[in-house]
Amino acid sequence: MAETLLNIEGLKTHFFTEAGIVKAVDGISFNLKKGESLGLVGESGSGKTVTALSVLRIVPKPGKITDGKIEFNDENLLKKTEKEMQKIRGSKIAIIFQDPSSSLNPVYTVGTQLRDVIMAHQTVSKTEARKKTIEILEVVGLPDAETRMREYPHQFSGGMKQRVAIARALACEPTLLFADEPTTNLDVTIQAQVLNLLNDLKKKLGMSLVMITHDMGIIAEMTTRIVVLYAGRVCEIAETHDLFERPRHPYTEALLAAVPRLDMRKTLRVIPGNIPNLIEPPSGCRFHPRCNYAKQTCKEDIPVLEEIESGHFVACHEWQNITLKGERSH
Amino acid sequence: MASNKTGQKKKEKSKRRGASQWAVAWRRFKRNKAGIFGLIIVMAVFFVGIFGSFFAPYPARPDPHAYDPFYDIDPITGIGDVRKPPSWMDPEEPNSWKYLFGTTPIGTDVFSDIIHGTKYTVYVGVLVTVITMALSIAVGAIAGFYGRWVDNILMRISEVFLVFPSLLLILVFVRIFTVSVGEPFLNIPIINIQIPTGLTIVIVILGLFNWASNARMIRGEFLRVRELEFIEAERALGAGNIRIIFRHILPNLMSSIIVVSSLTIAYAILLEAAVSFLGFGDANTITWGQILQENFSEMRIVWWAEVFPGIAILLTVFGFNLLGDGLSDAMNPRLRD
Amino acid sequence: MAKYHVEGGKKPLTSNNLIEVKNLVKYFPVYSRGVLLKKQVGIVHAVDNVSFNIKRKETFGLVGESGCGKTTVARLILNLIKPTSGEVFFEGENVFDKFQSASKKEKLKLRRKMQLIFQNPYGSLDPRMTVFDIISEPFIIHKHVPKSQWKEKVYGLLELVGLEEYHAERYPHEFSGGQRQRICMARALAVEPEFLIADEPVSSLDVSIRAQILNLLGELQERIGLAYLYISHDLSSVRQISHRVAVMYLGEIVELADTDKLFKSPLHPYTDALIQAVPIPDPKARAMKIVLPGEVPSPINPPSGCRFHPRCPRAQKICGKKEPVFKELKSDHFAACFFPHLD
Chain A
13 MAETLLNIEG
23 LKTHFFTEAG
33 IVKAVDGISF
43 NLKKGESLGL
53 VGESGSGKTV
63 TALSVLRIVP
73 KPGKITDGKI
83 EFNDENLLKK
93 TEKEMQKIRG
103 SKIAIIFQDP
113 SSSLNPVYTV
123 GTQLRDVIMA
133 HQTVSKTEAR
143 KKTIEILEVV
153 GLPDAETRMR
163 EYPHQFSGGM
173 KQRVAIARAL
183 ACEPTLLFAD
193 EPTTNLDVTI
203 QAQVLNLLND
213 LKKKLGMSLV
223 MITHDMGIIA
233 EMTTRIVVLY
243 AGRVCEIAET
253 HDLFERPRHP
263 YTEALLAAVP
273 RLDMRKTLRV
283 IPGNIPNLIE
293 PPSGCRFHPR
303 CNYAKQTCKE
313 DIPVLEEIES
323 GHFVACHEWQ
333 NITLKGERSH
Chain B
70 MASNKTGQKK
80 KEKSKRRGAS
90 QWAVAWRRFK
100 RNKAGIFGLI
110 IVMAVFFVGI
120 FGSFFAPYPA
130 RPDPHAYDPF
140 YDIDPITGIG
150 DVRKPPSWMD
160 PEEPNSWKYL
170 FGTTPIGTDV
180 FSDIIHGTKY
190 TVYVGVLVTV
200 ITMALSIAVG
210 AIAGFYGRWV
220 DNILMRISEV
230 FLVFPSLLLI
240 LVFVRIFTVS
250 VGEPFLNIPI
260 INIQIPTGLT
270 IVIVILGLFN
280 WASNARMIRG
290 EFLRVRELEF
300 IEAERALGAG
310 NIRIIFRHIL
320 PNLMSSIIVV
330 SSLTIAYAIL
340 LEAAVSFLGF
350 GDANTITWGQ
360 ILQENFSEMR
370 IVWWAEVFPG
380 IAILLTVFGF
390 NLLGDGLSDA
400 MNPRLRD
Chain C
45 MAKYHVEGGK
55 KPLTSNNLIE
65 VKNLVKYFPV
75 YSRGVLLKKQ
85 VGIVHAVDNV
95 SFNIKRKETF
105 GLVGESGCGK
115 TTVARLILNL
125 IKPTSGEVFF
135 EGENVFDKFQ
145 SASKKEKLKL
155 RRKMQLIFQN
165 PYGSLDPRMT
175 VFDIISEPFI
185 IHKHVPKSQW
195 KEKVYGLLEL
205 VGLEEYHAER
215 YPHEFSGGQR
225 QRICMARALA
235 VEPEFLIADE
245 PVSSLDVSIR
255 AQILNLLGEL
265 QERIGLAYLY
275 ISHDLSSVRQ
285 ISHRVAVMYL
295 GEIVELADTD
305 KLFKSPLHPY
315 TDALIQAVPI
325 PDPKARAMKI
335 VLPGEVPSPI
345 NPPSGCRFHP
355 RCPRAQKICG
365 KKEPVFKELK
375 SDHFAACFFP
385 HLD
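Residue numbers (this note's numbering), protein chains in the order written: chain A, 13 to 342; chain B, 70 to 406; chain C, 45 to 387.
Rather than coming from a laboratory, the hints here were simulated on the basis of the structure. Just to be clear, a hint being listed does not mean it is correct.
In the DSBU-like style, the derived pairs of lysine-lysine whose C-alpha atoms are separated by at most 35 Å in a straight line are [said to hold, decoys possible]:
| no. | chain 1 | residue 1 | chain 2 | residue 2 |
| --- | --- | --- | --- | --- |
| 1 | C | K149 | A | K215 |
| 2 | A | K24 | B | K188 |
| 3 | A | K216 | C | K328 |
| 4 | C | K333 | A | K46 |
| 5 | A | K278 | C | K83 |
| 6 | A | K45 | C | K333 |
| 7 | C | K308 | A | K214 |
A few chain A residues that don't get close to chain C, going by computed Cβ distances all over 12 Å [claimed, not checked]:
| no. | residue |
| --- | --- |
| 8 | G47 |
| 9 | A64 |
| 10 | F84 |
| 11 | M97 |
| 12 | G102 |
| 13 | H133 |
| 14 | Q134 |
| 15 | V136 |
| 16 | K138 |
| 17 | S169 |
| 18 | T252 |
| 19 | E257 |
| 20 | K278 |
| 21 | H324 |
| 22 | T335 |
Where a beta carbon is used, it is the ideal one built from N, C-alpha and C, also for glycine.
Isolated chain A, as found in the complex (with noise of 0.2 Å):
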């Protein structure tokens, strides 16, 4: 088995607004082995971007991390200072986001953004870094990288854009890459090519990848293993398949259901209600206003996580007396 590159253990990051104390993050509790593909899934305000943002330790104010534990290469990052933090971010552990434009500077070329990064984490001449450079556009398939690295961010197309960002990511070869809905603004035609490239990368660099999205169809296409987020907590972790096969948690099943498919029309299960504020998330278990199967249990007690079988944990005081149907068998 493979070694754990990184450990999270009940982290809460907490946002301190004018109207009160979002809980972002609250209790988040997982872990990703050396080459892994994790998938981080949830939607809006489940904390999925906020536990990526809390890893590099560039939580936004308000948000403070406020407790847990962040454990990488069995350091905890939650004890580093800023200067350690900065060598860390870029040449250890990179993220891309969904707007590659908010990550790249528009008034400096390309190239020389991507020279700046290789030159800020690894002892090279300019000329090294700017062949560097050249040959990690390539990496990424920029056509014409020689002249194109001259050129600004706007001059772009958007596809192209988070390719450069992925470069940028990539430049120092970090071990761990976090992508936020990388592909959430491109085409589909664009999202499968960024796609295509992040595996090819990751195979080649070897290096893990979590990859953050509220697409169930990227989550199967590049994970090995899920995480499923919902309200700032963690309701189920299980292998990929295991998990679209036989999910145990309501809210994860529900969520397979809702997803219109390509290959099959079928009735859309719909989750009622709308997603928690998360200044005053509902009590217990948070999804218990949403679930089918809620008891006055799941009204009272916040559920933990348990290992139901070996990997796959799930958050759920009704996990034993429900029966839930996969997305195979409708």
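The hints should help you fit chains B and C onto chain A, whose structure is shown.
Frame of chain A; chains B and C shown alone:
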């Protein structure tokens, strides 16, 4: 139906009437200390402006008593020094409130002058802003709604207004139009209010010269709101231009208009003070700028006649600015949630 | 022979045509900004010779990537912008003629029959109005409901879209995205339309909320017999709710067929590539697939011949030279391609 379950839950929780954006903005504004401070100053200025005449210690000019409130001048010889420092620092009048801010070289009480001047300040601020905003909204809305060449022409005109040194032009126009003023005060018949002729001319000129930047701002906002999808939805419903402008676009510009108005009042007060201070104002209306101008020559000795009106201007302008910023923060959608 | 395994699509309808779109063209001039006058520097071929029809009670899906002109088609049909050329008929009447020459009353009558809902439920409601005012706004414009019945009618509409009476007193900012989309639908339905254009109605909503809205669209179709033009880049949702589907690429329709036919055996290589590009939410379905190279070219100077040829895996010499004709290649299955997947 899908949402019944949570629908009912919500009902139990809160069956209140929705909070309009105004209510939300007010809630947010209340938490802003600087904004509240500004609002207090602004309210005080308006209060003194409207009711000041009733509690000013000495009458307003041209009442003869205003010039010699303390009977310092020998009625027979006509000799005597009317200049007094603020009473609280005057050894002759220990612990007195008689002339709080001192007196001017012509013998008037600075405190009373300031109080009587407040109404002109309010008059200037409000009227200039009304004229400016009326013009800017009209120009901005027409340019923003019709676009194309209409927009092009109006914006080029506004640029002309922006690049000219407007203070100089204002001074020229003020001089041209105020030399031939006949009656110093005009009586508005039905409501029976006297308005100062010269000052009103100054106000109109200030208003006519200030619309350009506001109009451009309103045009920009107009364009932004015009592109929002609900406007297209209204069109698809069959709503006409008039309805779209007045019922949908302008109400959505209200918050910007209010913020800009508050800042425009501050600017108008400052501008009028400058015009008066430079000696181009209406000598029949003792505005704060006018007080500064009158006493400027003896500023070295009678500093109090300059400092206190100056503070009044500063505080008022500051108050309107704080209010404007506070309103802007409270109504700014970027800070929402 | 079916290329893909697909099951259980909506059955095609046989009702009459409600909407006919004929040779619709829209070009947008591109200007460079001068000091006073603008100079035209190019033309965006937003919509180029698009024809299709929509039957009564039918959901017609229009699929394509960003910039392919699908939203422009919607705005042209509703006459929110004027076409460069072409015609749209609603119940046999020429829509553009009507909006050009008819009396105000006639225009309003036509407006009442066609409505639309948008992608962004945040921008599509006036933030200064209560839900009641928003939904009763159409009553003011069309005067088809006496004031005494407003309340009853608004509550009825709210119930129809799955909201509650007490929501009427609230403002849009107090609602979630899904609820706002419901409010938009209530407003559109307030004029009792026969035809509703839904422009990406679910793509900005959360996954668990999407199904609510898609199902609601289906329910409404059954209850009040609406016809839809459902515009989306999301093939899965198009497949879920459409009876027939048209695929657009760079301003042109490249393929049109019944939903099942189109997804089972696409004729056009672009449709094929689109289908392959969609990730299937099932790890077992994971397969090697052909990924389309390159990007959608600029609609300002679209490629010559078949607009898809620079990216097409099947392209031959002729594709760059001649424009393929959009024609019926199989029964009720239209495509514009020299080398379709016919077998």
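How the hints compare with the structure:
A C-alpha spacing of about 66 Å is found between K149 of chain C and K215 of chain A, which places the hinted pair above 35 Å, so the restraint is violated. Only pairs whose Cα atoms come within 35 Å are accepted, and K24 of chain A paired with K188 of chain B is rejected, the gap being roughly 58 Å. The hinted pair formed by K216 of chain A and K328 of chain C meets the criterion: a straight-line CA distance of about 24 Å does not exceed 35 Å. For the proposed pair K333 of chain C and K46 of chain A, the alpha carbon gap of about 27 Å is at most 35 Å, so the pair holds.
Restraint check: the Cα-Cα separation between K278 of chain A and K83 of chain C comes to about 53 Å, which exceeds 35 Å; the hinted pair is violated. A C-alpha spacing of about 28 Å is found between K45 of chain A and K333 of chain C, which places the hinted pair at or below 35 Å, so the restraint holds. With a C-alpha separation of about 33 Å, the suggested pairing of K308 of chain C with K214 of chain A holds against the 35 Å cut-off. Distance check on G47 of chain A: its Cβ is at least 18 Å (rounded) from any Cβ of chain C, clearing the 12 Å threshold; non-interface status holds.
Interface exclusion of A64 of chain A from chain C stands, the closest Cβ pair being 18 Å apart, more than 12 Å. With 12 Å as the threshold on Cβ separation, the claim that F84 of chain A sits away from chain C holds: the shortest Cβ distance comes to roughly 28 Å. Separation of M97 of chain A from chain C is adequate, the least Cβ-Cβ distance of about 32 Å exceeding the 12 Å criterion. Distance check for G102 of chain A against chain C: the nearest CB is about 28 Å away, which clears 12 Å, and the non-interface claim stands.
The beta carbon of H133 of chain A sits about 31 Å from the closest Cβ of chain C, which is more than 12 Å, so the claim that it is off the interface holds. Under the 12 Å C-beta cut-off, the non-interface status given to Q134 of chain A relative to chain C holds; the minimum distance is some 32 Å. At roughly 32 Å, the least C-beta separation between V136 of chain A and chain C is larger than 12 Å, which holds for a residue marked as non-interface. For K138 of chain A, the condition that its CB be more than 12 Å from all CB atoms of chain C holds, with the nearest at approximately 32 Å.
Interface exclusion of S169 of chain A from chain C breaks down, the closest Cβ pair being 5 Å apart, not more than 12 Å. Distance check on T252 of chain A: its Cβ comes as close as 5 Å (rounded) to a Cβ of chain C, failing to clear the 12 Å threshold; non-interface status is violated. Taking the minimum C-beta to C-beta distance to chain C, about 8 Å, the non-interface status of E257 of chain A is violated against the 12 Å cut. With a cut of 12 Å on Cβ distances, K278 of chain A falls inside the contact zone with chain C, its closest approach being about 7 Å.
For H324 of chain A, the requirement that its beta carbon stay farther than 12 Å from each beta carbon of chain C is met, with the minimum near 15 Å. Residue placement check: T335 of chain A keeps its beta carbon more than 12 Å from all beta carbons of chain C (closest about 20 Å).
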